[in-house]
Amino acid sequence: MAVLAAPAASVKRRRRAVRRVPPTLLLFVLVPLAVEGFWVFWPALQGFYLSLTKWDGVSAPTFVGLDNYAEMLSDDIFGTAALDTVIWIVLFGGLSAAGGLGLAMLLNRERKGVGFYRAALFTPVVFSLVATALIWQAIYQPDGVFNNVLGAIGLDSWKHSWLADPDTALYAVLVPALWRQLGYVMVLYLAGLKGIDPVLYEAAKLDGATAWQQFRHVTWPQLRSVNSVVLSVIIIDSLRSFDVVWSMTKGGPYHSSELLSTYMYSTAFQSLRLGYASALAVVIFVLAFGVIVTYLVRAFREDQ
Amino acid sequence: MTTAAGLSRRHFLRNAGLVGLGALGSSSFLAACATSASNGPVKQAAGAVTVQSNLSSPQAKVAIEALAKAFGDKGGATATVNTVASETFRTQLPSYLTSANPPDTFTWYPGSLLSGYAKKGLLLDVGDVWQTMGNYSQAMRSLSGDGAGHQVFVPMTYYWCGFFYRKSNFAKWGVTPPSTWSEFLTLCETLKGKGISPIGLGAGGGTQWTASAWFDYLNIRINGAQFHRDLLAGRGRFDDPKVKKIFDPWRQVLPYTDPNGTALAFQDATTVLLQGKTGMVLTGTYFADAAPKDAIDDLDFFQFPILDPSVPVAEEGPTDGFFASARTPHQAEVKEWFKYVATPEAQELYIKNSSGTVLPANPSAKNSGTPLVLKGKKMLDEAKELTQFFNRDSSDALQPTADVALIRFIQKPNELDSILSDWQTAAAKVFQGQS
Amino acid sequence: MSVTTTRPAPPAAPEERVPAKRNHKRARRTFGFHLVAGGLSVLWLLPIVLVITTSVRSFSDIASNGLGALPHSFDLSSFGEAWGVGGGGHAMLNSFIVTIPTVLLSLLLASAAAFALSRFQIPFRRTIILVMLSGNLLPPQILLVPVSKLSELLGIYDTLTALIIVQVGFGLGFYTFVLQGFMRSIPDEIQQAALIDGAGPIAIFWRIILPMTRPALAALGALAFTWTFNDLLWSITVLRTETVMPVTPALLGLQGQYVSNWNVIAAGSVIAAVPTVAVFLRFQKHFISGLAIGAIK
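Protein chains in written order, with our numbering: chain A, 3 to 306; chain B, 706 to 1140; chain C, 2 to 298.
With the rest of the complex left out, here is chain A:
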């Protein structure tokens, strides 16, 4: 994926030697495509069809045309969820990208202890959600760790039921979500930083570049390809962010932390309105597809 955005020069250098495609190669493509087609695209097409129906999951679906999509226009909760999703993409996406890059720059140089620090920041990625959701709920409780710390540093007036207050619930859930995501993005950026030729920094130092100038003119341009990986990952993860939010607030209190993904899930599996839920899923898909394809098509074009 990184290469898609690589500078045009490096691609031109490698002219394709093989123009005739051997039949075995078609199998290389067709077998995975068939597997994915059967298990992903076929169910997905059914999902698209279901978005045009009314269905409770038990009886036969009835075709209702575009009614589900029309309903979204007058659905306040859909509006809330869409707005929250935008906030979520900006904050969750932006902070995990910026934070991940910051952590990667901090932990880039090999030195004593750095391996431990990286592992520590990475552990949340692999830890089971069931337990971490439980612990974060305990942290946010009225007499939980977070409020106790606030009290200890003299901020008693800030004490708060973070997950229960509709004004703070979304942001309170954001913290554990970032906690789980930052290590992942950090590793992607670490990989990118590892790939930058040290000679470039030597040259910049000889030119008397400040640390900021080095970042601005060496690090950042060189990270361009990693940024495309990170962007894709972030869009996919923030639009589909579901498990952390669902396990901590279920989108509540009263829809204040509702994302499109949680709304879709509760519509499908609590309200048992699978037709409308499918339509919501299609909207999520269109949003993700729109962002990523816009980006990739541009990258493809630069590629040529």
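Hints listed in this document are in silico derivations from the structure and should not be mistaken for laboratory results.
Bear in mind the structure is a predicted one, so any value in this text is a computation, not a measurement.
One or more of the hints may lead you astray.
To be verified - When the alpha-carbon atoms are kept at most 20 Å apart in a straight line, the in silico PhoX-like pairs for lysine-lysine are as follows:
(1) B:K897 / B:K872
(2) B:K982 / A:K161
(3) B:K1057 / B:K1080
(4) A:K196 / C:K286
(5) B:K825 / C:K150
(6) B:K1071 / B:K1044
(7) B:K872 / B:K1134
(8) B:K1117 / B:K1134
(9) B:K950 / B:K1117
(10) A:K207 / A:K196
(11) C:K150 / A:K56
(12) B:K1057 / B:K1082
(13) B:K1040 / B:K774
(14) B:K949 / B:K1117
(15) B:K774 / B:K1057
(16) B:K779 / B:K1117
(17) A:K114 / A:K196
(18) B:K779 / B:K998
(19) B:K1134 / A:K56
(20) A:K56 / B:K825
(21) B:K1134 / B:K774
(22) C:K26 / A:K252
(23) B:K1057 / B:K1071
(24) A:K207 / C:K26
(25) B:K824 / A:K56
(26) B:K779 / B:K1057
(27) B:K872 / B:K998
(28) B:K899 / B:K877
(29) A:K114 / C:K150
(30) B:K899 / B:K982
What the hints assert, rightly or not - Some chain C residues judged to face chain A by a derived CB distance under 8 Å, without partners named:
(31) L46
(32) L77
(33) L139
Here a beta-carbon is modelled for each residue, glycine too, at the ideal position from N, C-alpha and C.
Model the placement of chains B and C on the given structure of chain A, informed by the hints.
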């Protein structure tokens, strides 16, 4: 997937497998696992009745497994219990039921959802099992019907709800349980004066549904059980002035309700109550499961105070039991299992192994006999009518709409009008979506 | 726990003859680094420490003092309970039975597709890549019902085979996308040399490209292992029998309808985290250098 590709893939897989195992630094143990993957499903024992169970709490799981074992030991058919997390169970139930090869029986509760499934022909008619259950109350019998003359459910246990409190705490504070609403308010005032949050609540985290107990009780006390059932079945409106009225007494007690009530999950609310930071909590007997063993004997409850003496007294008496899939290939065995779980000995066995605060559905069966249980049974026996619980009298689909409305009311009681109209809108969508 | 990387620290050359003043400055900066990085690590590990603390408390302690309170008990029996009564041991085995073939199979298929799509002029290859990636953009929750019906139709519902195939299908798009990007950065000359020697596409794939892709495969392998091992959604969709459930749904199954033994759940989570943490620590070295090579050009 042609054979050529299959062949080369297998070759690749073997090599890749070796690489992978080497990397993991593991031994033949993993290789054995990897190959056994193709051995397919774990087949259910031939002829055994599969009991798909949502009783996932350790104690309940032990109890239902002991029941299945005792059933098998008495000869004849056998039963295998298959426990899945209750949340998983709930979301997958439609899939299970519409599957071509569904599990034979399910743990569940009676309610409108069940009659919905029955109407679609998904449930086994167990009328002949009921012929062996002559001593069951008429209430249990009609509860287990599908509304169209078929019996589709076999009850095993039921329990009650009330204001639970710690006897030692009430003694320490010098207060006694109230019997009228004004006494209740006085009690709240007294406790508040002592710096205690009088009314505990555990409507935060994943247990927002516990707030519905308040809605249910206020509605059945003020508008009566029939109005309540009609409303929950979609035959009424949540923005009805009669519904709005029940929020008046609720508003009276909001100042006495633990301000953290919407931030604490049910289990944490239990802890807070046991610690004496809150005075009492409106809940079902499953409350006792969350208490440490040494505190259970210290627990007592009182009935939700009467608000309008002219309304026949109704209580919440949620019932649990089993239903079966219409497509089960083991009809005879399933009915044998049902006849067994309806017997006093089976229910006594179950109660002995479970937490012991539930009541047997069979009137001839003995309950655990503790003062708490006897008192609870007496309260339900004296009630003119029993309701189940919000989600049981309505559906699990309607429950989230109640959570949204009630939590918002507790936090922002002044927005009641818009809360109720939003609730009605959300509820209408649910009812419409299911019709 | 410490993980070292092979690449030496880049600019270490002229610092042998630094004056004492600069040494001071360096020591201060090192101290500052450890303060910040150490502080962040402690912050990051704090919730994990709380999980571990919860796992060694007794149920009565949690019930009477609360989840957020300091422990008043030390009790390791929750681990035994999670492993035995809770079915953790069996679930762990199921997880391995599912995860290992899933990771191997999906990486194999994805790298084959990525090889063909990146090294040859397959018609519509970019469209194919986009289509394959788009399969990862749909919220998976909405596919649950169709997928479960599909597996039932094939007669593999409630088998681990179904879970493996489904997870392979859903992983392929993303893995192919990443791998083809990586493979494009491998210089063409190597492939041409092999062609001149008369090697067929399978030989080129197997003997040349795949070994060169090993770091990326290690990286994706580690990620895929985590994702597959921690999966909940697909497990509960295509499985319904307790005995075939992998570890994450089994952990969820420890939650009661009303009341949960949090200490047992925490203990189960700690046990379940061991393999993924081990795989990650083992693969971290490859992971960092692996993606680095892919991302360079």
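Right, here's what the structure says about each hint:
1. B:K897 / B:K872: holds, 18 Å
2. B:K982 / A:K161: holds, 18 Å
3. B:K1057 / B:K1080: Roughly 18 Å between the alpha carbons, so the hint for K1057 of chain B and K1080 of chain B holds.
4. A:K196 / C:K286: Answer holds: K196 of chain A to K286 of chain C is near 12 Å, not above 20 Å.
5. B:K825 / C:K150: Measuring from Cα to Cα gives roughly 18 Å; hence the hint holds.
6. B:K1071 / B:K1044: Roughly 18 Å separates the two Cα atoms, so the pair holds.
7. B:K872 / B:K1134: violated, 45 Å
8. B:K1117 / B:K1134: violated, 24 Å
9. B:K950 / B:K1117: holds, 16 Å
10. A:K207 / A:K196: holds, 18 Å
11. C:K150 / A:K56: Cα-Cα ~18 Å, so holds.
12. B:K1057 / B:K1082: Roughly 17 Å between the alpha carbons, so the hint for K1057 of chain B and K1082 of chain B holds.
13. B:K1040 / B:K774: Cα-Cα ~17 Å, so holds.
14. B:K949 / B:K1117: With a Cα-Cα distance of about 15 Å, the restraint between K949 of chain B and K1117 of chain B holds, given a limit of 20 Å.
15. B:K774 / B:K1057: holds, 14 Å
16. B:K779 / B:K1117: violated, 57 Å
17. A:K114 / A:K196: Given pair K114 of chain A, K196 of chain A holds - Cα atoms ~17 Å apart, limit 20 Å.
18. B:K779 / B:K998: violated, 32 Å
19. B:K1134 / A:K56: Roughly 11 Å between the alpha carbons, so the hint for K1134 of chain B and K56 of chain A holds.
20. A:K56 / B:K825: At roughly 16 Å apart (the allowed maximum being 20 Å), K825 of chain B and K56 of chain A satisfy the hint.
21. B:K1134 / B:K774: violated, 44 Å
22. C:K26 / A:K252: Between K26 of chain C and K252 of chain A the Cα gap is close to 50 Å, so the pair fails against 20 Å, i.e. violated.
23. B:K1057 / B:K1071: holds, 10 Å
24. A:K207 / C:K26: holds, 19 Å
25. B:K824 / A:K56: holds, 18 Å
26. B:K779 / B:K1057: holds, 18 Å
27. B:K872 / B:K998: Cα-Cα ~15 Å, so holds.
28. B:K899 / B:K877: holds, 11 Å
29. A:K114 / C:K150: The hint is violated at about 54 Å.
30. B:K899 / B:K982: holds, 10 Å
31. L46: Since chain A brings a Cβ to about 5 Å from L46 of chain C, closer than 8 Å, the hint holds.
32. L77: At 17 Å from the nearest chain A Cβ, L77 of chain C fails the 8 Å test, so the hint is violated.
33. L139: holds, 5 Å
When held up to the earlier numbered hints, the structure conflicts with 7, 8, 16, 18, 21, 22, 29 and 32 and fits the remainder.
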